[in-house]
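**Student:** Sequence:
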Amino acid sequence: MFEQLRAELVKKGPKFLSLPLALTPFAVKRALLQQLLNWQFRHALAEGELDFLQARYLGIEIADVNLRWITTIEEGQLRVVQDAEADVWFRGNANDLLLVAARKADPDMLFFQRRLVIEGDTELGLEVKNLMDALELEAMPTALRTGLQQLAAFVEAGMKQDAKAAQARAESVC
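Take the sequence shown: its letter number 20 is residue 869 in my numbering, and every next letter is one higher.
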């Protein structure tokens, strides 16, 4: 029973967030995203590793929860904006992006499966991807890393359960 519930939450869970996110004013989302991003990337910002985003715009879209934002570097900080022309877009679903962030899924594999889409300035997109690949999970703030790993484990378990159920259905048809 618990496994079925877990699989259902993994499959539909992110969609439950779409309504609250749609109702949340962008100013609130911007404040939360900026705080989270600057906290996560504080060392990379201090070392100048994100300077390539100065006057460049990176768009992030999490399609299944209808969340999108554009980020850039201003005055040494990551800034989140709503209405700018993004130089490059990263698009995916919440579960896939969560697994990438937790180092449980390979972004290249998701890209070739068309589950992660990168559109626009490919050079900038590769710089962002290479920076993300170079970040050590252990360098992430402990609370963020722990929460991310727990969510990723939950998603992975649900995906495995869903795959087993699909395989069982396929075997019963044959």
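It is possible that some hints are incorrect.
For lysine to any residue, the following SDA-like pairs were computed, each having C-alpha atoms within a straight-line distance of at most 20 angstroms [claimed, not checked]:
1) Lys953 - Leu870
2) Lys953 - Glu898
3) Lys1009 - Arg964
4) Lys1009 - Asn942
5) Lys1009 - Ala943
6) Lys953 - Gln999
7) Lys978 - Gly897
8) Lys1009 - Arg952
9) Lys878 - Trp888
10) Lys878 - Val914
11) Lys978 - Gln999
12) Lys978 - Arg891
13) Lys878 - Phe960
14) Lys978 - Phe1003
15) Lys978 - Phe875
16) Lys878 - Asp955
17) Lys1009 - Asp955
18) Lys953 - Glu934
19) Lys978 - Lys878
20) Lys878 - Val930
21) Lys978 - Glu898
22) Lys878 - Glu934
23) Lys953 - Gly897
24) Lys953 - Val930
25) Lys978 - Arg964
26) Lys978 - Arg928
27) Lys953 - Arg940
28) Lys953 - Thr995
29) Lys878 - Ala895
30) Lys953 - Leu984
31) Lys878 - Ile909
32) Lys953 - Ala943
33) Lys978 - Arg940
34) Lys1009 - Met958
35) Lys953 - Ala895
36) Lys978 - Arg994
37) Lys953 - Val966
38) Lys878 - Arg952
39) Lys978 - Trp918
40) Lys953 - Thr921
If you are wondering where the hints come from, they were derived from the structure by calculation, not from laboratory data.
**Student:** Please flag the earlier hints that this structure goes against, numbers listed from lowest up.
**Tutor:** 1, 2, 11, 13, 14, 15, 16, 18, 19, 23, 24, 29, 35, 38, 40
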